[in-house]
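Note that the protein sequences, when read in sequence, are chains A and B.
With the numbering used here, the residue at position 310 of the first sequence is 310, and numbering never jumps.
With the numbering used here, the residue at position 263 of the second sequence is 263, and numbering never jumps.
Quick caveat, the hints were computed from the structure, so don't treat them as lab data.
Beta carbons are placed, not taken as given, at the ideal position from N, Cα and C, and that holds for glycine.
Watch out, some of these pointers could steer you wrong.
[Unchecked claim] Restraint-style ranges between C-beta atoms, simulated for each label pair:
id, chain 1, residue 1, chain 2, residue 2, range
1, A, Thr-40, B, Pro-15, 25 to 33 Å
2, A, Leu-262, B, Arg-159, 49 to 57 Å
3, A, Asp-197, B, Val-238, 53 to 61 Å
4, B, Glu-248, A, Tyr-165, 30 to 38 Å
5, B, Pro-67, A, Leu-59, 49 to 57 Å
6, A, Ser-134, B, Ile-169, 49 to 57 Å
7, B, Glu-39, A, Thr-66, 50 to 58 Å
8, A, Ala-246, B, Ile-169, 29 to 37 Å
9, A, Leu-148, B, Gly-54, 50 to 58 Å
10, A, Ser-134, B, Thr-253, 14 to 22 Å
11, B, Glu-227, A, Arg-198, 54 to 62 Å
12, B, Pro-147, A, Thr-100, 38 to 46 Å
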Amino acid sequence: MGWLASTLHLHVSAAQAGAFVRAAIYVVVGIALARLAAVTVNRATRHMGAQERVLLRRLASYSVLTLFLASALREAGFRFDVLLGAAGILTVAVGFASQTSASNMISGLFLMLERSIAIGDIINVGGTVGEVLSVDLLSTRLRTFDNLMVRIPNQTMVTTQITNYNRLPIRRFDLQVGVAYKEDLAKVEKALLDIADRNPLCLENPAPLLISMGFGASSINYQLSVWAKRENWLELRNRITREVKAGFDQLGIELPFPHVELYTGPVTEPFPVRLVNPAVAPGASSGGPSGGTTSASAGSGEGPADRAARTSTDPAADK
Amino acid sequence: MDDATRDGLWWGETPLTPGAMRAWRIGPYRLWVRPMAREWRLWSFASGDAMEAGMSLAAEADEDDVPADASVTRVGMAVDAPVLSLRPAPADRDVVVRPDIPVVVPSGVRLDLYLTTAVWIVARAGAEGPTLLDEPSHRLSDTWFGPNTLEGELAYAIRTAARLELEEIPHRPHRAITKVTVVNGTNDALPLEKLKVPVAALALYGSPDTGLWTDHVTLERRQASDEAEASVGSGPGVPGVRSKRVAEPRVATTKRFSLNAFGRLLGV
């Protein structure tokens, strides 16, 4: 630390006190001018994008501040020639100490040059979805939709897959729809395309696309792919789901949910049903479906099949 | 009610009584207006039927008549002697017209088509006062016009019969007629599967006899591509149609410009 003490000349004298005052004035004026430079650049770059404006604003203000801080240090007696002499050792030391920071800084530079994201974009980085608030020297800050601030190191931003939801003006929504096996598929396909056609948010071109996704466990599955203006995507997503449900209800097309059918084989008798509480039998009580209890029983004793039959119900009966 | 409104046109200025509600019906578009001491309150609603034709103006109305899903607008300002000014306006984007059955324009042929597009309704407080409302009389479908999903622009889509005879065009109060002249200057036949019309760059004209018209448009295809040399003529471009200019274009443009007018449909 001997070199530092000799560099700073910390002997307090009247002349040095004056130098410190001048240095302080340099710092104060430097901060004021840096702010002025930031405001001026901000006004002059109104026509540019938010990202470029922030970059230029920071460049201007940091340049002014650096100049004035260097002048202030020189005024205070700081000798830069000694610093330059020690620069080699210092560089190695700083290099080891700030490896991650340097990597983040370079990554930040790449991010800015690549322009894959900009301030205000909605992006998904490794599962975190949010609005880009800033791309700083070391990190990128996101605001998630539940209003949490997420700081992501720029190095991570460069090495992780980023999905930018704002880059292109139109976006597709894929609605997965399953219909019951009994339905007329030509009728179903026409109904889905008609619903897309009637919705003004759904782009006419690219045209809505209907893809058969095959036979599912309880339904025949389709994918209805519709396009919307990016800003309308969420509204279209909500509306088209509602309209498909309403349209299918109107046409009597069943939207099934998983069914479980109990099957005892072709030679066996169907499960007999025994009324447990006759007091709430249909006609005997005004109570609803929950008012009574029925169970299936194959005899006086209750076996596994009986328990299965009692716990499974036909969903259609609930509709 | 001014002369224009008395003559059966829906645009013009209408003096209103403070606190009293009045209703307009312009094709599928409904508007209810109540001027109050410190605000204008407007309800609007568009039925889904783009072809609805009826019209009624400044009829007495009650708030119970307004459908529950009508959109409400409140504009706060001092209202002394309320006068509502209604004007038509062109669409705020270009319109891509898709004929129900594509029309083929043979090589060297000049063809006149007549198209109708929904106009926007602009309500103002007085003739030169602040805008209270600016919305479509019928919600048009969005569409993308471009060679792929990366390049192109948003437009409105309409399907049309693309009539070739003016007499066949039905007059509806909320739709403006555009005469589009397509000139095929190439050696190939041009199938008009879709056509982009720069509606936002057209002025509107109106008269009691002929309804609403836009400036006429000429699209000249000189090369075997989707590009057309577009020119906007002054006025409807139809002899016998005498109309007064009632709205300026939304977008300023030169009289002649290049336009990607005959783009093909994306196969996305």
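Hint by hint, here is what the structure shows:
{"no.": "1", "hint": "Thr-40/A - Pro-15/B: 25 to 33 Å", "verdict": "52 Å, violated"}
{"no.": "2", "hint": "Leu-262/A - Arg-159/B: 49 to 57 Å", "verdict": "51 Å, holds"}
{"no.": "3", "hint": "Asp-197/A - Val-238/B: 53 to 61 Å", "verdict": "32 Å, violated"}
{"no.": "4", "hint": "Glu-248/B - Tyr-165/A: 30 to 38 Å", "verdict": "36 Å, holds"}
{"no.": "5", "hint": "Pro-67/B - Leu-59/A: 49 to 57 Å", "verdict": "56 Å, holds"}
{"no.": "6", "hint": "Ser-134/A - Ile-169/B: 49 to 57 Å", "verdict": "56 Å, holds"}
{"no.": "7", "hint": "Glu-39/B - Thr-66/A: 50 to 58 Å", "verdict": "55 Å, holds"}
{"no.": "8", "hint": "Ala-246/A - Ile-169/B: 29 to 37 Å", "verdict": "35 Å, holds"}
{"no.": "9", "hint": "Leu-148/A - Gly-54/B: 50 to 58 Å", "verdict": "53 Å, holds"}
{"no.": "10", "hint": "Ser-134/A - Thr-253/B: 14 to 22 Å", "verdict": "38 Å, violated"}
{"no.": "11", "hint": "Glu-227/B - Arg-198/A: 54 to 62 Å", "verdict": "33 Å, violated"}
{"no.": "12", "hint": "Pro-147/B - Thr-100/A: 38 to 46 Å", "verdict": "45 Å, holds"}
The structure shown violates the earlier hints numbered 1, 3, 10 and 11.
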